[in-house]
Every structure is written in structure tokens, then in C-alpha cells.
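Spelled out, the chains give:
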Amino acid sequence: MKSKMEISFISIAIFFTLILFLAVGSLFIIPSFQGFVDSILSEEMIEAFKLTLYTAAISSALVMLVAIPTAYSLSRYSFPLKTFIKIIIDLPMAFPEIVLGLALLMLFGNNLLGGYLEKFGIKIVFTVTGIIVAQFFVAFPFAVRILYSTFNYIDTRYEFVSRSLGYSEFETFRSITLPLSKDGIFASGVVTVARCIGAFIAVLFLGGGTFMKTETLPLTLYLNLSFGDVNMAITAGIVLVIISFIAIAVLEKYGKEKTI
Amino acid sequence: MKDFHLQKINLQVKEGDYHVLIGPTGSGKSVLLETIAGFYKPYNGHVLLEGRDITHLNPEERGVSIVYQDYVLFPHMNVFENIAYGLKKTNKSDESLLESKVYEMAEKLNIDHLLKRDTTTLSGGEKQRTAIARSLIVEPKLLLMDEPFSAVDVNTHAYLTTLIKNVIEEYQTTCIHVTHNFNDVYNLAEQVAVMKDGKILQQGTLHEVFSRPTHNFVADFVGVHNVFQGEIVGHDKSLLQIEIDPGIIIHSSDEFKYDSGDVMVAIRPENIIFSNEKFVSSVRNQLQGVVKDMFEVGHTVWIEVQVGNVRFRGVLTPNSCESLGIEREKEIYLSFKSLNVNLMECHDSYHSI
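Order-wise, the sequence lines are chains X and B. For the first sequence, my numbering assigns the number 1 to the initial residue and increments by one for each residue that follows. For the second sequence, my numbering assigns the number 1001 to the initial residue and increments by one for each residue that follows.
Hints may contain errors.
As the list claims (entries may be wrong) - Calculated cross-link-like contacts (lysine-lysine; reagent style DSS-like; alpha-carbon spacing at most 27 angstroms): (1) X:Lys182 / B:Lys1092; (2) B:Lys1014 / B:Lys1141; (3) X:Lys182 / B:Lys1089; (4) B:Lys1014 / X:Lys82; (5) B:Lys1141 / B:Lys1199; (6) B:Lys1141 / X:Lys182; (7) B:Lys1088 / X:Lys182; (8) B:Lys1041 / X:Lys86.
Stated by the list, open to error - Here chain B is said to cover these stretches of chain X; the calculated rule only asks that three of the stretch's residues, wherever they fall, bring their Cβ under 8 angstroms from a Cβ of chain B: (9) 175-182; (10) 217-224.
I should point out that these hints are in silico values taken from the structure, not numbers from a laboratory. Ideal placement from N, C-alpha and C gives every residue a C-beta, glycine not left out.
Could you put the whole structure together from the sequences, leaning on the hints where they help?
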């Protein structure tokens, strides 16, 4: 016999998951097949797809490169302003991406950093570089979060033992800590890629959302929706959904292998 | 360490000695070991190894290995890779030498048949032997063992103790072994230190610490069961007379810095001789009492004898128990040498466990 609570809780879970599933599913039902094929083969879609993968690849790599040492130092070392830094890193997860986008635009715009960078020939606002910068800051906090708990979870005594056996701090990090945090690094990598691909408002603000130039897939969806090209918009949505599915499937398949 | 402090510890370990550090849980034994290994930097004080100040050396430069209670084997490596880990660092080029050394070490610890195994499939004893092999193979100047046998069952414990003893003797490794198990002390220790609340209360040879404890806590902890409070009431040549109960005076040949006042008296149960009649001998203490309780522990019989308001505990073999006809409420004489009556200051608080 299932208890009343069991039944009601399970019903709640099923009901709302079902609505979510229908919402995602409706994307696939609305467009005509021909419209879908036309849209997906359109020059705009292919360009957006390529640009999205290109920028996301670079920004994800950068995020991981920076997030690993950041998360490790937050987990292992004590230093001044550590709590403050942790709060700053967590902040973008709590406040809306639109605020992050605006903030980045202010920083890299003409007034503050942007002016100096331009003197060195680096243009960020309304360029592909801007997209990468935006994606970086959207995904970075999530990557640090996951890696932080990953490193926290690794018993420091593994590192102690390694060092007592003659390995330096960095050698220990390479031969013990990184291999042991393989799963966490993998998970944060997948989440980072997904966040980078899906980044929208920050990318719109910093990249400018110029047609065929700084147009990533979420922007294709948004721009076409505002022009009224529903087929293009929904197709972009479908492509994004498929990418997410792949990301989650990869995570499920390879992410937990070791814990068995 | 934030909330824990070691206090003025002076632990001296001679080269080649097997040093056992014993104390209750939370007494700072593990922190002390990790400080020696270099994982924590002391706020003040020094760690000296072979006369060299290593306080500011990195752990990897010290030549100090550590073995933990829960093994801490690298989960992403098999048994062979775990043992070879430290050696690989110093011995990169010669693969066959590495292999033969690992094999030799594994053979000594009887784990050579497990080398290909994943560490998660090992039993506790096998894991601990792997951990010890991993530490010993780099030939450390000092081997630290943090309660290495407390997670294994009793039989494995006995087996491991013998095995480890032999291997460590063979490699002539200096050891500091932390434990709260007295069997480890009896079976392994050459030197003993008793630790409590971040302080080392007493250190010395096994014999010194166990037969002449200098603190109440040590006496109680190492198992002197007869600890009484008394008052020094006089002396008879070199012997002090202590009254532990109205009318009950015992003699001690301990040299004590005071010759009056309150004192704690400790008599080890195995130093008490029981007899049915009084006898004339060099034994200075002879008391009459009544057997109140007796119980067998392993192949010994413990008896409790009431003398006045004081209860003494003694230990006998079942044979002598039988030949004396000991039973409850039987009158009996207790005799013990004044030499075996240890006196201790009683100003530190005495907590009986």
C-alpha cells in the first residue's frame, strides 16, 4: 500500500514533469516538416550553428582553464577576501542574466575597460570576442561551483600521502587530485558547454546580435521570433533542445561510470 | 589548526626505535603526526629530523611517510601502482628495477598475489598491507602510522602486528605508531609516550611507563587498576608510609619530593601476591581482606578484595586460584613489595574511566 503522502508527492512530480515535457514536445509539433527542413538548411541557421559551436568551444575551454585553479584555491587555500570572492562568483547565479549582460556592457563599453582595450586593438563590444566574453562570464560561476564541491569532496589526505611520498604540490595536483576529480571536471565541462551555447541576454548585449555576424542560436530564435519567422525561431529552439539532450545524455552515460 | 592546539610537545624518537604514542581519542595524536609529516605548520616550535630543522621543509622533502587508519589508497590505481607510486618519482628510468622492488616488498607483506587487483576489492588487512608497502618502499627516515590496525578485525590485527614488526625490523625503520590499543603497545613498542589534550604526559620505555606512571591519568589509562588517594603519615628509614584508609597503612620505596600531604598511590594488579596465611618475607606490605568478586578474563582470573573501605584488584591464573580455594567472602592476605607502590602527585584531576 502506498501512503497518501507518497501518492500525492508522486502525482505532483508526474503532473508538472508532464507539462514540461509537453512544452518541449510542442516545439516539435508546431512547424511543418518542410518549414523545419528549409529553416535548418538556411544559410542563417548554418552560420549561427557554426558560430555557436565555435564561440562555445573557445569560451568553455577558457572557463575550465580558469575555473579549475579558482575552485581549487577556494577549496584548499585560505587567503584574504576568500569569502568575498566566493560571494562574487556565486552572485551571477542568483541575479538575472540580463543584469550580468548590462554590467558586462558597462565594463567593456567605452567608459571603463573598453577604452583601454581598444588602444591595444582589442574590440569586445558587438564582436565575436564579445560573445565569447559574455559566454565566459555566464558559465564561469557554474563551473566553479561544481568544481569547488568536487575538490571539497576529495579527501586531502590523498594529497598528504602523495606529498609524503616525494611528489611536489603541483605534481600531486596532476597525478592525484585531477584524476580523482575526473567526474566532477567532466560534469562541470558539460554544464559549461551547455551554458555557453545557451547564453542569451549577455551575448545579445555584448555581441550586439548582428544578423549573420554575431548571431548565435539563441539569438536566431529571438531575432526571428521578433520578425515573425516562426519556423526559423522554432527550428533554432529545436536545435538547442537537441544539443541539451545530447549534453545530458553524455553526462548520464559517462559521468557516473566510476562510482559503480 | 583552528580549534585545536598541541601544547609544548617534546617528543624524542631515537633512530631505529619503535615508538608508540598512546592516548584517548581526541588527544591530538593524529595532528601531531601530520605536523611531523609537514601537512600543518606549527605556530612555534621545531621539528628536527636527524639533527636537522625540517620545520619549514615541504612534506615531500622530509623523507617522512604516513600510514592512515583507513589506508587512503589511491582509488584510481591498482595495488601495484599504489605501491610503486613513491618509487616511480625517484626511479623513472629503470622499469625492471621498479617492478622487482615492488614485487619484493609485496612478497614480504604477503600481498604479491594481489598486485593486479583493484584496491576496492581488497579486505581491510590487505588494504593496510598495501598502504604500508607504499610507505615503506621509499625507505623513509621516519614512518608514521596513525592507528593503522584499528579498522581490521582481531585476528587480522594479530597477524598484521607480527608481520609489520618483522618487516620494520628488517628495514630498520624508525616508527611512530599512534594507537589506543594496548596490544599494539605490548607487542610493538620499544618506547611509549602517553598523550592527552594535546600534551605528552609521559614518555619512556615500555617498562618505565607501564610500571611507574608519573601522572594519575597515565596510571589510569595504561591500566593500573589500584589507584588510591592517601596521605603520607610518616616514614620508616627510606620507606614512606601512606595511609589510604583509616588504619590501613602501606609502604612505598618511591622517592617522592614531599614527605607529607596528599598523594596518589598506584599498585599494578599483577604485583599483588595472594595467600591464605600470613608469611614472613621481605615483602613490606601485607593486608588482610575479603574476596568480594571474581571474574575470568581470557586465561586470567581477576579478583576484587575488600580491605577496610578500599577495594584492591588482583590477577591470578586459574590454577593458583583453584589451589588457594578462592571464592567470594573468603578471607585472604594480600602482599606487595614497597618497590611496587608508585606514588603520584594528586593535583591533576583524576578521572576514572
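- Query: Is the hinted pair Lys1141 (chain B) and Lys1199 (chain B) satisfied, with a Cα-Cα distance of at most 27 angstroms?
  - Reply: Since the Cα atoms of Lys1141 (chain B) and Lys1199 (chain B) sit roughly 24 angstroms apart, the hinted pair holds (cutoff 27 angstroms).
- Task: Below or equal to 27 angstroms on CA atoms is what counts here, so check Lys182 (chain X) against Lys1092 (chain B).
- Result: 25 angstroms, holds
- Task: Would you check the hint for Lys1041 (chain B) and Lys86 (chain X), treating anything up to 27 angstroms between C-alpha atoms as holding?
- Result: 26 angstroms, holds
- Holds or violated: are the alpha carbons of Lys1141 (chain B) and Lys182 (chain X) at most 27 angstroms from each other? With Cα atoms ~34 angstroms apart, Lys1141 (chain B) and Lys182 (chain X) exceed 27 angstroms; violated.
- Message: Run the distance test for Lys182 (chain X) versus Lys1089 (chain B): straight-line Cα separation, threshold 27 angstroms.
- Response: The given pair, whose Cα atoms are some 22 angstroms apart, holds under the 27 angstroms limit.
- For the pair supplied as a hint, Lys1014 (chain B) and Lys82 (chain X), confirm whether the alpha-carbon distance does not exceed 27 angstroms. With Cα atoms ~43 angstroms apart, Lys1014 (chain B) and Lys82 (chain X) exceed 27 angstroms; violated.
- Take the segment 217-224 of chain X, compare each residue's beta carbon with every beta carbon of chain B, and decide whether three or more fall closer than 8 angstroms. Our answer is that it is violated, as 0 residues pass the Cβ test (under 8 angstroms) against chain B, missing three.
- Message: Tell me if the straight-line CA distance from Lys1014 (chain B) to Lys1141 (chain B) falls inside 27 angstroms.
- Response: 11 angstroms, holds
- Message: Would the hint linking Lys1088 (chain B) and Lys182 (chain X) be met if the CA-CA limit is 27 angstroms?
- Response: Given that 27 angstroms is the threshold and the Cα spacing comes to 22 angstroms, the pair holds.
- With a Cβ-Cβ cutoff of 8 angstroms, does the segment 175-182 of chain X contain at least three residues near chain B? That given contact holds, which follows from 4 residues of the segment 175-182 of chain X lying within Cβ reach (below 8 angstroms) of chain B.
In summary, the numbered hints that this structure violates are 4, 6 and 10.
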